[in-house]
Amino acid sequence: MAEPLTIALPKGRLFDTVQKHFESKGIFFEIEKRKLVAYDKKENLKIYLVKNHDLPTYVNHGIAGLGICGEDVIYESGHHFHKLLPFSFGGTNLSLAGKKDFTFEDNSSPLTIATSYTEMTRRYFHKLGIPVKIIKLNGSVELAPVLGLAPCIVDLVETGSTLKANGLEVIQKLGEIKVYLIANPAYYKVHYEAINRFIEQIKED
Amino acid sequence: MKNNLLRMPHGTESLYLEETYRHKKILRHMEDLTESWGYLPVQTPVFDYYDNYRPLLESRLEEQTYKLIDRDGDMMMLRSDITLFLARQMGLALTEEDMPMRVYYADSILRYQDHEDISNHESFQTGCELIGCPGIEGDLEIIFLLAEVLETYKLPQSRIHVGSTALFQAIATPFPAEDSRRLNKKLHTREKDAIRQILQNVYKKEDAEELTRLLLFIGTGEEFCARSREWRTLLDGALESSLDYLLQINKGWKDLGAFADKFRIDLSETGDLPYYSGIVFNAYTDGCGTALASGGRYDGLLENFGYSGSKPASSVGFSLFLRKLEKLSGLDMGKPASLHSENENTLTAAERFIKAAALRKQTGVQ
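Chains C and E supply the protein sequences, listed in that same order.
Numbered by this note's numbering, the letters in the first sequence go through residues 1 to 205 in order.
Numbered by this note's numbering, the letters in the second sequence go through residues 1 to 366 in order.
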């Protein structure tokens, strides 16, 4: 029997969505409580459950050949992967947000932005030729304008309800963030036939 | 103050005892094999003037290269890629009469690596160059040599993926430089929709669709033969000569009748380095998270370094990161013979000398 393909899946909300999607395509697996490794029922896949932000590290080192994660995580990791299949689920928007009265004109250069997504933020504004000062935060970035750390933030925004609850609003949408099936490039080259069959099986109708 | 005794500069590596023994044995195997193919060793300097190489460094290698200022105020670079240092050396020394020239190298390189990337094992590079043997014969010799290297090291499933820069350039010719770079980038990430969209900026929708399939093609020689018939007529036959060349490579491989499953045509291999001019290839092995070896043809490279003979110094070669291979090789390297067993420590120096001589005689060491 052929060796199973190795795939890393992220813990959290995206995991449940991916599991449901896989089930709809005839791939069934359960991860026992406190366990982090499982096989699907047909043993075609060896699945590792990892933290979202660690997923690129596992795939980059070839521990898991494949992974499913958002473009934000891919880009921030700085690693290069094959982005083999985009999914319609799990997508979100990267947005610039600030207090309701925020205007670009109020700020003496450079614009200060608090964010967890430092690389994407820097790339976006540098492409526009706008110098920015970036303050790295690891979460709850909505607090930054409220407490006066920075006049605006860049964050993933789905419904906007957290922003609203903190008196903030979206100033500008910077881009759409999709979820992808990614592959370690060398792993793909060795296993491309099996991976292409897997893509055919899981691609959305 | 930081305790520097506990820190390792990024990109450096120390080997100890049995690991060093294995490294040396693996290296010796490579040297013996390449010498049996008629290749001679060359040694490049540890550092050189940065300006000589600046236009030829792709951005990643540029970032990874350690630079320093010498006492005259010139910018120097530490050896981060032996191919370029070798080209400079050969460009000045090589004459038309010397060609074809077959050389191999094996040495340490220094590349800055992020602390998270220390397992990349890019500290030791070995490889072969065939200079002055243009076209198919030279290309096949280098690919066959690499295939034999992979075979004799008894690696897990390994394959050489051969592509063509000429084919990619024929498709990308009508694009502005920025779009051509973007197309290559998207090809490396295999983003099918993005590739199709870029191609549609210049080509008809159905051509863009077919060119996307072509650029993402990976397959056996037989699969490539079947598909290439459809692709010959694309873009008014502009791709024909590049496709035919790959068919010749495939035929050469087939005629050899060896290493049957080690070869794939992979049109997404376009080469990262700006000096590639013909075929490009990467070798991949199960269990290695990056390419184990990479190479290609770079016919104009030596001219950048002073070669001016009337006969072109066409070059083709590969480099291999030996430390990546060491972890995966199934080759039995034996164990180092140790003189210092518990019992032998009780012997006098003279007794140990006599015993060592006897052991050497027994194992045939001169």
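What the hints contain is simulated information worked out from the structure, not anything from laboratory work.
Please read all numbers here as calculations on a predicted model, not as lab measurements.
Backbone N, C-alpha and C fix where the C-beta goes; we use that ideal spot for every residue, glycine too.
Treat the hints with care, since some could be wrong.
To be verified - Keeping only pairs whose Cα atoms sit at most 30 angstroms apart, straight-line, the calculated DSS-like set for lysine-lysine is:
1. E:K311 x E:K25
2. E:K25 x E:K192
3. E:K25 x C:K173
4. E:K25 x C:K127
5. E:K186 x C:K51
6. E:K192 x C:K20
What the hints assert, rightly or not - Quick list of simulated restraints, FRET-style, between CB atoms:
7. E:E19 x C:V170: 52 to 62 angstroms
8. C:E3 x E:D70: 46 to 56 angstroms
9. C:F28 x E:R54: 54 to 64 angstroms
10. E:E58 x C:I63: 26 to 36 angstroms
11. C:I63 x E:L5: 25 to 35 angstroms
12. E:L92 x C:N138: 27 to 37 angstroms
Is the gap between the beta carbons of E58 (chain E) and I63 (chain C) within 26 to 36 angstroms?
With a Cβ separation near 27 angstroms, E58 (chain E) and I63 (chain C) satisfy 26 to 36 angstroms, so the hint holds.
Would the hint linking K192 (chain E) and K20 (chain C) be met if the CA-CA limit is 30 angstroms?
25 angstroms, holds
Is the straight-line distance between the alpha-carbon of K186 (chain E) and that of K51 (chain C) 30 angstroms or less?
27 angstroms, holds
Taking the CB of E19 (chain E) and the CB of V170 (chain C), does the distance hold inside 52 to 62 angstroms?
At roughly 55 angstroms between Cβ atoms, V170 (chain C) and E19 (chain E) fall inside 52 to 62 angstroms, so the hint holds.
With a cut-off of 30 angstroms on the C-alpha distance, tell me whether K311 (chain E) and K25 (chain E) pass.
Cα-Cα ~39 angstroms, so violated.
Could you say whether the range 54 to 64 angstroms given as a hint is met by the Cβ separation of F28 (chain C) and R54 (chain E)?
55 angstroms, holds
Going straight from one Cα to the other, do K25 (chain E) and K173 (chain C) come out at no more than 30 angstroms?
Between K25 (chain E) and K173 (chain C) the Cα gap is close to 58 angstroms, so the pair fails against 30 angstroms, i.e. violated.
Quick check on a hinted range of 46 to 56 angstroms for E3 (chain C) and D70 (chain E), using CB atoms only.
52 angstroms, holds
Verify the CB-CB distance for L92 (chain E) and N138 (chain C) against the hinted window 27 to 37 angstroms.
With Cβ atoms ~54 angstroms apart, the hint is violated.
CB-CB spacing for L5 (chain E) and I63 (chain C) relative to the 25 to 35 angstroms hint
31 angstroms, holds
Does the structure keep K25 (chain E) and K192 (chain E) at a Cα separation of 30 angstroms or less?
44 angstroms, violated
Straight-line alpha-carbon gap K25 (chain E) to K127 (chain C), limit 30 angstroms
50 angstroms, violated
Going down the numbered hints, you'll see the structure goes against 1, 2, 3, 4 and 12, while the others check out.
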